[in-house]
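*Asks:* The chain contents come next:
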Amino acid sequence: MKPQEMVDRILKADRRAAARLMTMVEDQSELASEIMKDIFACTGRSMLIGVTGAGGSGKSSLIEHLIGRFRKDDKKVGVVAVDPSSPFSGGALLGDRIRFQKYSLDDGVFIRSMGSRGYMGGLARASSDVVRIMEAMGNDVVIIETLGAGQDEVDIIHIAQTCLLVLTPGMGDDIQAIKAGIMEIADLIVLNKADLEGANSCIQSLESAIHYNLKKDKDVWVPRVVPTIASSMQTAECEGIEDLYQNIMEHQAFLHKTRRIDTVHAKRIEQELGLIFKDEVEKTVFAGLKGTGKKREYIESIIKGNNNPYSVVDEVLSTFLRTEKLE
Amino acid sequence: MGLKPKSINEQNPDKHIEPVRNMSGLEIKPLYGPEDIQSLSYEADIGRPGEFPYVRGVYPYMYRERVWTIRQLGSLGPPDKANLRIRQLVEMGATGVSICLDMPTIMGRDSDDPMAEGEVGRCGGVAIDTLDDMRALLEGIDLETISINFVSNSQSAIILALFCVLAEERGVPLSKLRGTMQNDILKEYQAQKSYYFPPSPSLRLTMDTIAFCHDNLPLFNPISISGYHLASAGATPLQELAFTLANAFTYVREGINAGMAVDAFAPRLSFFFKVHNDFFENVAKFRAARRIWARTMKDTFKAKDPASWRFRVHTQTSGSSLTAQQMENNIVRTTIQALSAVIAGTQSLHTNSFDEALSIPTPLSERIALRTQQIIAHESAVASTIDPLAGSYFVEALTNEMEAEALRIIQAIEDNGGVVACIENGYFQKEIAESAFAYQQAVQNGERIIVGLNAYAEGEEGKIELREVDPDFEKEKVAVLKQFKSNRDPSALEAAGKALREACRTGENVMPPLLSGVKAGMSLGEAVRHMRSVFGSYREKAIF
Amino acid sequence: MSRERIKVIISKVGLDGHDRGAKVVASLLREAGFEVIYLGMYQTPEAIVKAAIDEDADVIGVSYLSGEHLVFTPLIVELMRKEGLDDVLFVAGGSFPPEDIPVMKEMGIDEVFRGGTLTDELIRYIKENVRETQE
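Residue numbers (our numbering), protein chains in the order written: chain A, 1 to 327; chain B, 1001 to 1544; chain C, 2001 to 2135.
Isolated chain A (complex conformation) (with noise of 0.2 Å):
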C-alpha cells in the first residue's frame, strides 16, 4: 500500500488500512511517522474515555457496556484494549476481544489488542497513535483500557479526556493507598460489583476521601463515585450504565464548558512530543554511531576507567545536537 493511499484510505474509515497502519506504529517503522503527519489534521476530535483498575475489577465488562449505551446514541467507538507482554519472551496473551463478542460483527466498532511490548505506565508505547489513527478513522468515542494497574500506571491521564477508575468492594487496601493521590487519576470512580458485601461503606469512605482532597476552588471537578453492577459473566443489563454514562456526558460537558479541554489537549501533545523526542534523539543518535566502531570504543574506555558514562553522553550529544535553545 503507498502512503498516500494508506492515508486516504484511513480517512474514508478503511479497517485494512488503518489496521495495517497501527501495526508500523506498534513496530516503529520510518514510514509510520510519515503518514502519521499526514493524518495527524484529522486527529483530536474525538472524545476520549480512559478506563483504568485493577485486574477482575469488571473493566472489560463495564466497557462493553459502555460500547452498547453509546452505540445506541449511533456513535461509532474504537477501543484500545493494551495487555501486558511477557518480559521474558516478550510473546502476549491478548484476551479482550471475548469480553466484547457482541459487538464482534458491527461494524461500527473497532476494537485493537495490544501487548505493552516493555513500556511502561500501563498503555504501550504505541497506544497513543493508535488513538490518533482511531480519531482519524472517524470514531466518534474511543475508549481506552488500560492493562490491569497498580498505581504506577497512569499514563493513561496524559490521553484520555474522561478518566474512569474502576474499583470493586472487595480492594479496602487498595482504596487506602490510592486516596491521597485520587483526585490526579480519577475523573469517575466506578465502584463495580456494587452488589457485593462492603460496597457502602466503600463509597462512603472513597467520597470522604474525595472531600479531603478537595481544593477550594471555584472550577474544579470534582470526582464522582458512580455504582455500577457488570459482570464477565452474566451477559445480561449492567445496573448503574445509564447512570455512568451520564457522569461522563457531564463531565465531557464541564471540560468544553470550561475551556478545561484545551488544557486536556496540551498535556496530551506534552505526552506525545515527549515520546517522539525520545525516540527520534535514540534514533538518531545509535544511527549516527552505528558502524563507527564508536560504541565498544567508549564502553572499553569507561572499562578501563579512562572515561564515564555521563562524559561520554555529554561528548556524543554534543555532536549529534545543538545545544543552543530554539529561537
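If you are wondering where the hints come from, they were derived from the structure by calculation, not from laboratory data. One or more hints might be untrue.
Stated by the list, open to error - Label-pair distances were calculated between CB atoms; the ranges are:
#1 B:R1408 / A:Q271: 44 to 52 Å
#2 C:D2120 / B:A1412: 33 to 41 Å
#3 B:R1170 / A:D73: 37 to 45 Å
#4 A:K72 / C:E2106: 51 to 59 Å
Virtual Cβ for every residue (Gly too), placed ideally from N, Cα, C.
Use these hints to put chains B and C onto chain A, whose structure you have.
*Replies:* Below, chains B and C without anything else, positioned relative to chain A:
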C-alpha cells in the same frame, strides 16, 4: 514387625536415582515398605469390601457376584441409525449403552437452528429435538433390562422428560426405568463448557431432576458426577479426584437445603472417572475416592443408610491419551487403562476405540474396544479376586497420599466460598489450564514420553478405515423436524411454554411442565429458550 | 522491514466448547514470543475474519475437535478471499482423519496440525511462512 528394610538409597548412598513424579505431581519413591503404611489401621482405614469405609470396593463380592457393566457408546447421527447401533451392541453382549448427543443438542439448539448448520448429527452424537427422536432412538430396546446412560448435562431435564413420556407410551412404569443421566452441571462450567444459564439456576435444574427421580424413578441414577471431563480438560488425577468430590458435596448440600433427607437421594448419586496411563495412580484414586466419600457422607452429612456411603463409579479410558500417530498403540494403552479400572473396582466401564484421536470409531475399532473388556473379564482372571492390590505398601501409601492431598484441595475450595464461587472467580479454570499447560510442556520437552509421538516416532502412518457421516442426513433431519413442528397444536404448546416459564420463575419443580411440554410436542431448543428467558445466559472469562 | 512481533488469532469455531487445546497452544505461542489474540469459544467465521482484519493478524489459527473442520474451513477461506487477506496464513489444529487433510488443503487452508503434533512444528511453520513485510 521391627524389621525395617532399608530404602534403595540407604542401601547404596552413592547411587543416584532420579526422582519421579506421577501425573498428579506427587513424588514416587523407587521402593515402598512397611514404614510407609505404619499408621494405617486395617479395620478403620480399609475394611472389608462392601463395608465402611469401602476402600476395597462398594459390594462384598464385587465381580465374583456380577461382572462390571460393559457399557459402550451407541449413538451416531440420526436417531434411527443410532438405534441400529444400540441393538447391535446389545446383541454383542453389552448390558448398558451410552447415548451421546450431537453438538447442537448439547448446546440446546434444534437441528433447524441456524447456529446448528453443518453440525447436526456430527461428533459421534445423536440429534434429539423432539419426542419423535426419542421414540426412534429407543425403538425395540427393553427399557427394563438395558440400562441407558444419557451423556446429557445442561439439557438433562428435557431429555429426562422425553425418556419418561416414552416409557409411559410403552407402558413401562417409571419405577422400572434403569440407567443414568450425566446431569453434572458444575463440571460444565469447570471444564466442558456447555452450559445455557448462569451456575445457580443450572444447579437448581439439576436438583429438580434429582428430586423428580427420587419420587418417581428409584432405579435411575439422576446424576453421574464426572471427573472425566475435568481430566480431559487437563486436570491431573488428583485434581479430578478433589474437584469431583467437591462438586458431589455441593449437590448433597443443595439437596439437603432443598428439603430432601440425605439418605433419600444420596444412594442414587453416582460417579464417573477417567483412567489415564498411570496404572497405580488410577487404582489409588478410586480407593481414595471411596474412603473420602464414605467418611464425609457418614460424618459430615450424617447419612445413616450404607447405600449413601457407597461411591459407585462408571469409568472410561482416556480419550486424550490416544495418539493419532501409530494409532494401533492405542489398543495397548486402552487395555492397560481398562485393566487398572477393573483392579480399582469400577462398577461399569467404557473402553475407547483406538481411532478416536482421529474420528468417529469404525465397526472394527468398536469391536476391539468391546472385546478388550471381555478378554479382561474372562481371560485375565483379574476379576476373580477383590481389590487384589490391597496391602501393597505402595498402593496403600499412594491411596493415603492422594486422599490427604484431595482433602486439602477440597478444604481450600470451601475456604474460598465453595464450588459455585470458585467457578465464578475462575479458580477451577485456572487450576485446570495450568495443569494442561504443564502437561503439554512436559510432552514438548520430552520429560514425559509418549510412544510414537515424542519418542520412537516413525514417518508416515498407515491408512486406517474411517467411518463416514452421511452428508444428506442434516437436510433430512431438518425437513422432518419442520414437518413435526408444523403438526402441533399451537395453543397447547403455548400453554405448556407459559407453565414452564412460570415454574422457572417461582422455583416449582420444572419436571411436570416439561413432561406436559414434550407431550404437546415442545422441542428441546424451544424448552431451552423458555428457560433462558427467565434464567438469562452466562459467559465465562478466559483464563489461561 | 521485518516483523517486530508476529500476531496470531487463536479461536474455536461453531458450537464445540472443548477449548483445552486452543488455550494450551495460545499459551505456548506466547512463550515463543508471539502476540496471541485469543477469541475463545463459539465464534463464527465472520467474527474470526473481522478480528483478523482489525488486529492486522499474520496468522489465523483455528482448533477443530468435533468433526466441524470440513464445514467451517471453506467458509473461513472464502471470507478471507473476499476480504483480500491473501497474505494471512490460515492453519488449523485438532482431530480429523488423515484423508481429510488434502481435502482441507484443497479448500484453501495453508497447513493442518493434527492432534498430538508438537507445538514446535507449528511455531517453526509460522516463522518460516509468515509474511515478510507489513508495508
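*Asks:* Run through the hints listed earlier and report the numbers of any the structure violates, in increasing order.
*Replies:* Failing hints, ascending: 3 and 4.
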